[in-house]
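Novice: Residue numbers for the sequence shown follow the UniProt record's numbering, beginning at 1 and rising by one.
What the hints contain is simulated information worked out from the structure, not anything from laboratory work. None of the values given here were measured: they were computed from a predicted structure. Accuracy of the hints is not assured; some may be wrong.
Lysine to any residue pairs mimicking SDA-like chemistry, simulated, CA-CA at most 20 Å apart [said to hold, decoys possible]:
id	residue 1	residue 2
1	K158	R117
2	K158	G197
3	K137	D162
4	K137	K166
5	K158	Y130
6	K108	Y147
7	K158	G170
8	K158	Q134
9	K108	A72
10	K166	T156
11	K137	L58
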Amino acid sequence: MSLDNLSINFATVRQAGSFGAIVDACLRHGITAISPWREHVAEAGLVEAARIVASNGLRVTGHCRGGFFSAADAAGRRAAIEDNRRAIDEAAALSASCLVMVVGGLPKGSRDLSGARQMVEDGFAEILPYARQQGVKLALEPLHPFYAAERACLNTLKQALDLCDKLGEGTGVAIDVYHLWWDPELEEQVARAGRNGQIVAHHICDWLVPTVDPLNDRGMMGDGVIDLGRFRAMIENAGYRGPQEVEIFSHRWQARPVDEVLATIVDRYQTVCQTITGAAAAT
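Work out the full structure, taking the sequences as your base and the hints as a guide.
Specialist: What follows is the structure, given as structure tokens:
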């Protein structure tokens with residue numbers, strides 16, 4: 001079975017080390033799509049990272065990450081804008097399909113959630129013209145409500161799509177199963193995103209029961225309670241045929257050899273995540 005639509009987010013295999021080492025590990029398993037993190041790009045150097053991508057014919061399904069617009073003062077907000085401009089430059093140099101945006105939570109000491117959301121909207125409005133100029137799509141990623149205070153005050157797909165509709169061209173959404181599988185409006189909002197061509201990334205993992213650490217105890221596909229086949233059918237029925245990007249923050253899996261992790265991912269991708277469009281949705 002082809003692995004063309006399987007992508008590896010570097011967070012899944014941090015134990016492999018450098019940008020080049022992670023790429024080499026992916027290539028050993030026939031995986032040619034990646035989603036790097038900025039720290040790996042910075043360590044390698046942007047020019048070298050872009051060379052590795054080009055020389056190996058890699059597809060960069062996303063660059064992680066921009067966002068974190070909310071801050072306690074004007075200087076902090078300005079610093080966030082400038083950092084996002086740098087992230088856009090990196091995404092453009094890597095020919096990434098999108099820059100994944102984790103928007104930010106409450107500023108330190110604040111309880112004003114609506115104010116934080118306004119900061120997020122204002123931040124997007126300021127950087128979007130530059131992203132359009134550079135040809136970089138901004139993928140808003142709503143995070144599970146657990147993260148509302150510290151990481152992302154956009155927590156449902158509807159919230160993210162409402163903001164995309166306000167901002168317009170150059171925006172879309174990253175649909176991560178870990179963050180959205182529970183959403184009672186999921187099917188309706190995925191269909192809405194599909195109608196408007198706003199699905200630009202699809203991240204997969206699983207939700208374990210129990211989950212002992214909401215940040216670093218994500219599950220390997222098939223080990224938890226998310227119906228990944230049905231979820232993928234929903235995405236495909238909405239018109240998205242792009243990669244499934246494996247993003248597993250997990251102390252358990254990052255303690256294992258990288259080749260074991262990647263071999264398991266390939267197996268689960270082929271046995272758990274694949275679906276014929278519409279088949280799972282009909283069950």
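Novice: Run every hint past the structure and note whether it holds.
Specialist: So, going through the hints one by one against the coordinates:
1. K158 with R117: Holds, at roughly 14 Å.
2. K158 with G197: With Cα atoms ~15 Å apart, K158 and G197 stay inside 20 Å; holds.
3. K137 with D162: 17 Å, holds
4. K137 with K166: Between K137 and K166 the Cα gap is close to 15 Å, so the pair holds against 20 Å.
5. K158 with Y130: 25 Å, violated
6. K108 with Y147: 14 Å, holds
7. K158 with G170: 18 Å, holds
8. K158 with Q134: Distance ~27 Å between K158 and Q134 Cα, so the pair is violated.
9. K108 with A72: It holds: about 6 Å lies between the C-alpha atoms, which stays within 20 Å.
10. K166 with T156: 16 Å, holds
11. K137 with L58: 18 Å, holds
Figure legend: structure checked against the earlier numbered hints; hints not met, in rising order: 5, 8.
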